[in-house]
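Those protein sequences? They're chains A and B, same order as listed.
The UniProt record's numbering applies: residue 1 is where the first sequence begins, and numbers increase by one.
The UniProt record's numbering applies: residue 1 is where the second sequence begins, and numbers increase by one.
Keep in mind that a hint or two might mislead.
Footprint (simulated), chain A over chain B, 3 or more residues, beta carbon under 8 Å [as the list claims (entries may be wrong)]:
no., region
1, 54 to 63
2, 85 to 91
Taking CB as the label site, the calculated pair distances span [said to hold, decoys possible]:
no., chain 1, residue 1, chain 2, residue 2, range
3, B, Thr-3, A, Glu-126, 42 to 52 Å
4, A, Glu-126, B, Ala-128, 49 to 59 Å
5, B, Ala-120, A, Arg-22, 24 to 34 Å
6, B, Thr-4, A, Asp-36, 52 to 62 Å
7, A, Arg-15, B, Phe-21, 23 to 33 Å
Derived from the structure by calculation, the hints contain no laboratory data.
In this text, a Cβ means the ideal position worked out from N, Cα and C, and glycines have one as well.
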Amino acid sequence: MPAAAPPATDAVALRGLLKIFRSAEGARVRAVDGLDLVIRPGEIVALLGPNGAGKTTTIDLLLGLTEPDAGSASVYGLPPRRAVLDGRVSAVLQTGGLLADLTVRETVRVVASTYPRPADVAEVIERTGLTALAGRRVSRCSGGEQQRLRFALALLPEPDLLVLDEPTAGMDVGARHEFWATMRAEAATGRTALFATHYLEEADAYAQRTVMVAGGRVVADGPTAEIRARASGRVVSASVPADRTADVVRRLEALSGVRTVDLQGDRVTVTSADSDEVAKALLNDLGGTGLEVATGSLETAFLQLTGTDAAHEETSR
Amino acid sequence: MNTTYFATELRRKLRDVVSMFFVALLPAFFFLIFGASQDFGDESIGNGNVTLYVMISMAAYGAVTATVGVGGGAAVERLQGWGRQLGLTPMTDAGFVLVKASVAVVVAAVPITLVYVLGALTGARGNAVAWVLSAVVVLLGAALFALWGLCFGLAFRSESAIGAASGTIVVLGFLGNIFFPLSGTLLAIAKFTPLYGYVSLARYPLTEKHLASADGAPAIQEALWVPALNVVVWTALLAGLAVLLVRKGRRRQ
């Protein structure tokens, strides 16, 4: 046990977190694989990663919904479940969570009743734009409306830390915009927020800091603008004459801005910050044909950052 | 107890008109067939008559059907991720089980009331103790079977789990001495099944230590501790199992 707590407690402290799941085929999947993350009070952090990166499992561990196989998680210096009981942390989860045959108001009222000092029900309904829907059954609400309801439920304990797991998944553009407007107003009150997303644009628009995860680990962590620059390279691919491949690869690697050059048969794939330069060289000097230029996807960025496949699997012992 | 959650759950249950129709009317129908319209109904047993005996049995069956349904309904909620939502609140596992069990008892009161009123109108006779005490035991004991339905629902996590749980109640009803008086080996086995203790206890104010027997076989006697122990053991088993399963349900599905 540590002798004394540090003066300013971290909002989130995850250390060496490990969670292994067993798939139906008996393979062991390391959903979270030695993850470290510290978030200070007041930060707005995006947890960015492709599907299967371990975002949701990390959030489950952070909320005490599941226990880690190794490592530790604390929220404001408390064990996660304790922080939930004290109303310090709440969350909008990706899956389910609502009873279809209750009305919006009934749902808010029931969840409010579980807290010792909840926010005012009518006021929270107002703040999340649900007043007009308060009497409607949950089953008759759209996906975006249900998500706003989940958001309302998360606001009930007036939490210090708000966790959102892909809050806008399945929303149309209008609903997405509206949701983030509400979210921004809440964040302005000084709350700490952590949201998982696989949209780089959402991280860019709403988070000062972005933590990229892949394969259950943190692969990049820094100001969002910096992360964005690293992730936004382009991918150029072309077929090159089979007898010159080694020479082509060498000359491509020498170009400025080029990060990786990959050769499969006579097809060369180049990731670069300056795709025009690569394209020019391929077409003019290197005998390239069938040229394609694509915006680097988040997945490509992850591959660059990790150099491995996103999912780590171990065969069963 | 969280009364807001309790009241909302109750309203939700009573809004479900179709299922309430079956919960309330089926046992009443069974009573009219097996009890009220039989010519042996007026024969005396313990502190009352056979019609009262059948009435208590059918009320117990109805109450159990109701509570198993309430408990099993929790399965569907789990599928909808409600367990995860509640896992994000300070509501404890025990608090959740308590709310569900309380709702189950109130819903169970509906068929009990209906069958007892029908009993009073169709010739059930007994002393006041037999009437009142049996109703109390039927009502409170039914909570045990909310746990039965809950365990089924939480363990199997599908809508069909509710149907399966109700199915077991019919079988356990026969084994529990509800529909037909048992004897011999079957009776010996029956004493270990969950409905046996509950129904025997509910009929105890009427029968005292005498068990009913079919076709004029000599009456069998049984001490109070047998059904009492049965209920205590099953309650402890199911309550423990329910808490374990609720805990498991909080994880991602």
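Check: For this structure, which hints from the list above don't hold up?
Finding: 1, 3, 5, 6 and 7
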